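Q: Listed here are the chains, written in short residue letters.
There are 2 protein chains.
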Amino acid sequence: MKASVYLVGAGPGDADLITLKAVKALQAADVILIDDLVNRALLQHAPQARVVEVGKRGGCQSTPQHFINRLMISLAEQGQTVVRLKGGDPFLFGRGGEEMLALRAAGIPVETVPGISSGVAVPASIGIPVTHRAYTHGVSFITGHTQDGGSPDWQALVASGTTLVIYMGMKHLAEISRGLLDAGMPADMPAAAIQNGTLQQQRQVISTLAELSMAVHQQGLESPAIIVVGEVVRLADSAMLATALAAAA
Amino acid sequence: MKASVYLVGAGPGDADLITLKAVKALQAADVILIDDLVNRALLQHAPQARVVEVGKRGGCQSTPQHFINRLMISLAEQGQTVVRLKGGDPFLFGRGGEEMLALRAAGIPVETVPGISSGVAVPASIGIPVTHRAYTHGVSFITGHTQDGGSPDWQALVASGTTLVIYMGMKHLAEISRGLLDAGMPADMPAAAIQNGTLQQQRQVISTLAELSMAVHQQGLESPAIIVVGEVVRLADSAMLATALAAAA
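Chains as they are written, first to last, in the working numbering: chain D, 4 to 252; chain X, 4 to 252.
These are calculated hints, taken from the structure and not from any lab test.
Hints may be right or wrong, so weigh each one.
No copy is singled out in the list; a pair is fine if it fits within one copy or between any two copies.
Unchecked claim - Derived lysine to aspartate or glutamate pairs resembling DMTMM-like cross-links, with alpha carbons at most 20 Å apart:
(1) Lys5 with Asp19
(2) Lys5 with Glu114
(3) Lys5 with Asp151
(4) Lys174 with Glu225
(5) Lys5 with Asp33
(6) Lys174 with Asp151
The model shown is predicted, which means the values in this text are computed figures rather than measured ones.
For reference, chain D alone in the conformation it holds in the complex (with noise of 0.2 Å):
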């Protein structure tokens, strides 16, 4: 290991997925910089490691990304090894690109280490194959916000024909599945929540495009939850499917 800050992704939730290198990287680690989602059963790896909370604490305000930014600028300037350890991947909606330009500016040598994302290995727990040759030719991970507030295109995503899968979407759940009703997708195109992804408390809602938002409000799921809207949604687990069926009922 030879970087000063390493942003690293600790993967979905379940603590055997995250890398052999995200493990090398934790046994170096002088400070670690964690995420509120990120499992704390991780931590076992670095004993030797000071850990700072940058995530959600109760109802309060993340810390300000700048603020992190400046804190693992001055840690690798005291010549601390610094591990960012953020859910999933840093690349894929983590933030990691805006850390990574922001050591770069400073000069700081940074390393990126790979995490498994939410948006694969969730809908794999219950059976769902993001792709599969016979239903589309790929996925596309998208958020339900744009930054300057607006809805991504889904007119586009729809005429993709991709399996959508979306990330911090909870909230405007209502609102994506008019967005793509309106844009021409089916009714009755399958569709699933699923929260705590990979974790012991995981729960799902398997249904339609039409009726995912009222199942999902009648089981109460909440975030953090990855949204699966596609006809792969078809193929998951015949069994998982029964029971989300059955709780629905």
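Position chain X relative to chain D; hints supplied.
A: Same frame as chain D, now just chain X:
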């Protein structure tokens, strides 16, 4: 570990980019069915296991999918613990979905162990985050060709505004570039091709959409490679970019 067959993602190449869960599956394996592109160093985790090569060898055809399916079922029925070790993630263009359905139909308990997909980790290896909220609201992972021989809907994909990550696209790179240009993507859109990503022998070309195909040809880059098209390619590490440009001159 309780399943009979584990569909395990081996990651993008670097032997350290495999998960702890995958290592546990390898340690528990009686037999491993391994793909051609998987790093053989991973077999160190399973000295006890019999290894069956099921990928392409030399110029030969790869083992037919139905043969692999039958072999997994047969071994599982003999009471063997089977690991099906696949490059990247089993469910992101890994045909893991097809294998899962075949096993499920035969009543064989199957579990998927996600892997780091090349589409995220390989761009990351040269400092390209596939998403960055200042540039895009998402990323689409697609193959250059659909199962029926047709092309993806380039128009829709361009309109989606997502970063495009193209798997298995090197043979049809000129055609893919033309499709994207015809769909209205700017000729000077940054684009990269990265061969053998995360391995010692990694090579990359960073160029523009209009010139990538020629640059790849001139540099002699070949499969396996990941193609990335989008504004985020601008974020590639400047040191590596300088190296790539000097090599291209």
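Q: Where does the structure disagree with the numbered hints, that is, which hint numbers, in rising order?
A: 3
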